[in-house]
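Peer 1: Each chain is listed here by its residues.
There are 2 protein chains.
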Amino acid sequence: MTALRVALLGCGTVGTEVVRLLREQADDLAARVGVPLELAGIAVRRLDKRREGVPAELLTTDAMGLVTSDDVDIVVEVIGGFEPARGLLLAAMKAGKSVVTANKALLAEDGATLFGAAREYGADIYYEASVAGAIPLLRPLRESLVGDHVHRVMGIVNGTTNYILDQMDTSGAGFAEALNEAQALGYAEADPTADVEGFDAAAKAAILAQLAFHTRVTAAGVHREGIADVTSADIASAKAMGCVVKLLAICERVPSEEHRAGRGVSVRVHPVMIPRSHPLASVREAYNAVFVEAESAGSLMFYGAGAGGAPTASAVLGDIVAVARNRVYGARGPAESTYAELPVLPMADTVTRYHVALDVADRSGVLARVADAFAEKDVSIQAVRQEGHGDEAQLVIVTHRAPDGALSATIERLRDLEIVRAVASVMRVEGDD
Amino acid sequence: MTALRVALLGCGTVGTEVVRLLREQADDLAARVGVPLELAGIAVRRLDKRREGVPAELLTTDAMGLVTSDDVDIVVEVIGGFEPARGLLLAAMKAGKSVVTANKALLAEDGATLFGAAREYGADIYYEASVAGAIPLLRPLRESLVGDHVHRVMGIVNGTTNYILDQMDTSGAGFAEALNEAQALGYAEADPTADVEGFDAAAKAAILAQLAFHTRVTAAGVHREGIADVTSADIASAKAMGCVVKLLAICERVPSEEHRAGRGVSVRVHPVMIPRSHPLASVREAYNAVFVEAESAGSLMFYGAGAGGAPTASAVLGDIVAVARNRVYGARGPAESTYAELPVLPMADTVTRYHVALDVADRSGVLARVADAFAEKDVSIQAVRQEGHGDEAQLVIVTHRAPDGALSATIERLRDLEIVRAVASVMRVEGDD
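Protein chains in written order, with numbering that gives the first Met the number 0: chain A, 0 to 432; chain B, 0 to 432.
Same shape as in the complex, but just chain A (with noise of 0.2 Å):
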């Protein structure tokens, strides 16, 4: 073997820096894998847009040539999205060649098909710049804590949400606004559904949870709500019980007395408030970070950029030299591992604490009908305090642990109530009980 050939699919922000990176480390990479890396060649959709850096006769709009061509081994995705990527990434791996990619939504929504493929033709597929961009996250999950119980990761794994609740909490900043600062510094996209929505969120949180669980999570099986509902108020209640709002994902093993495995996992999106102590309460604006909380291990922190051209291109880089050294030494990475087969649990089974603010009727025994609406669901209530007095009356409440069901029973239930006026604010509580 005297090169081992790499074919680039997409070159926007991601391929421009691997691109970069391959020819401008040409040497150490060479070093380090044992045989010199070259690029075989790139495909984009159009040849005509200008592209910094990047050698125009290895352009060519024919991916499904390039991919199969004889003259290379290694084939890293960075498209993103379902087609062409997906038919692109099985035609490779049907051709042998090992492949790298950044797909999130492909993995979260199809990774069945393509472990398969990756499995029938003995191929290897890395996606370690999926999740959080250059922090090193799935390598841990799947090899370093591969001997360990893993009992829950919780991670801000979007940028682009964290920045807007870091600037509501700092600033005293709306949704709205936050979010238009977000998009004028390039943070957020033009249309930012899938960040605000929590759909970029979701298909992470299903990356680690099947890399976490040894079970197969889809992106379907992801409980998903956004922070476009998160108001100014919510970020004020949870300051005054020493929290702050962070859209989390949380992935973790639903404990059960009869199996050491958990009667399954869930795993959710959703805005959270977790104490300031905690280490992610102080993860500032675009920054990702994911906590992991294993049996032997204990609590782990990973922390770093999550998004950006140069540290996803990192990512993907480290990725392209561990599938080209296995090329080398003849070896492979590990396969998927869905051995443990655990059910997916829905959100109802998913136990958690809500914090709850009522607009309350001012009156005697508004507090024991409203606990009563709680003891009726066998919700058992930590907190509560009375804030305003009549039209502004508000009782805020904050439940102990009980299963998300029976929360929101509960929290029906007190829309019923006629001295309910309104239910201000409904939002889950993490960390610490």
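Incorrect hints may appear among the rest.
Which bits of chain B does chain A cover? Going by a derived footprint, with three or more residues having C-beta under 8 Å, they are [stated by the list, open to error]:
hint	region
1	21-31
2	142-155
3	187-198
4	309-316
5	322-329
6	335-341
No wet-lab data here; the hints were simulated from the structure. Since the structure is predicted, the reported quantities are computational estimates derived from the model, not experimental observations. Where a beta carbon is used, it is the ideal one built from N, C-alpha and C, also for glycine.
Position chain B against the provided structure of chain A, taking the given hints into account.
Peer 2: For chain B alone, kept in the frame of chain A given last:
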């Protein structure tokens, strides 16, 4: 292949946990590896010691017989120290076994011999547990960031000293008092030399530097200062400038205008003042955390429990699974990488900043003469303040970045000045300039 047989060398705190995990997680481990992992034997010095949960029939005092037995595939060394650990690991690799070790002192002192044997006999050698317990750090450095260009690794890698410094910072205790408390709580050993004098951290620094810079670094190449001389006055002085004192292991490229790889690498362990806003400043008690700065990935931080039986065993298990999978698939892990061969520079060439407190005569012209001494050695002053009067008069000076050699020559010059009654405190400052 129907099973892989594991030999354990040493059965102390970590070894006992490894045995427990191999037994309790047997089904999970078998699913993750592809074949069951079986304990073939456990080499100990004394058979009569009580060991909870360890099958007595597996114990043997014939360690060499065990590691060379045809019945063994993987050898796990958690004895520590040089001999017999070194001889046993070499014999194991020669006999075709894969090895996993947590032995930082041996790797830092004589890694060349171990890695040489791994190359010669085609053996895997994994050692994640040797640095920062369960925190996945070596695998991210040697695999995830392998396509990136690491500028600096800076971390709290010794829990004992972090506990002591944290106590001094929060309770105002002196060093001796904080050390006593750490010993009472089991965070420090009866003979605390290895921790307090920085030997433990220096060994870890050598291992981290070698991985980060693809350059052979031994413990002897690490500049080492412990924390025994850190005084309450130093801590107070750090507080006054918004800093906290930490014992850091710092591995960095010393920049060069001519060479992208830098003029060389600097590896050091010493007490440092860092701003309280730095992510490492908030690492409390006996926790560990390592901050990595890479060209593309940007700033990353890894945080968790750095020691203890269970966390260290988690890292050992991850490595056992990795080498076991390699055996199942006929693969090999990454070998030692020292291609960059950068010079390990003396401390004098390291660029850093100093915080200096001088007891001075309280008369006019003192500042001018002190400033002259700095200028003479080409060290520029960033900030200076005078505290106290008369016999209590003190000048506190913080410098800009300069070669350590120039900074220490300045201190020598200051000691000679008649107006300087004493150099009360000298400490390096890292973090934002």
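Peer 1: Against each hint, give a clear statement of whether it holds in the structure.
Peer 2: The hints, checked one at a time:
no.: 1; hint: 21-31; in the structure: holds (count 5)
no.: 2; hint: 142-155; in the structure: holds (count 7)
no.: 3; hint: 187-198; in the structure: violated (count 0)
no.: 4; hint: 309-316; in the structure: holds (count 7)
no.: 5; hint: 322-329; in the structure: holds (count 4)
no.: 6; hint: 335-341; in the structure: holds (count 3)
In summary, the one numbered hint that this structure violates is 3.
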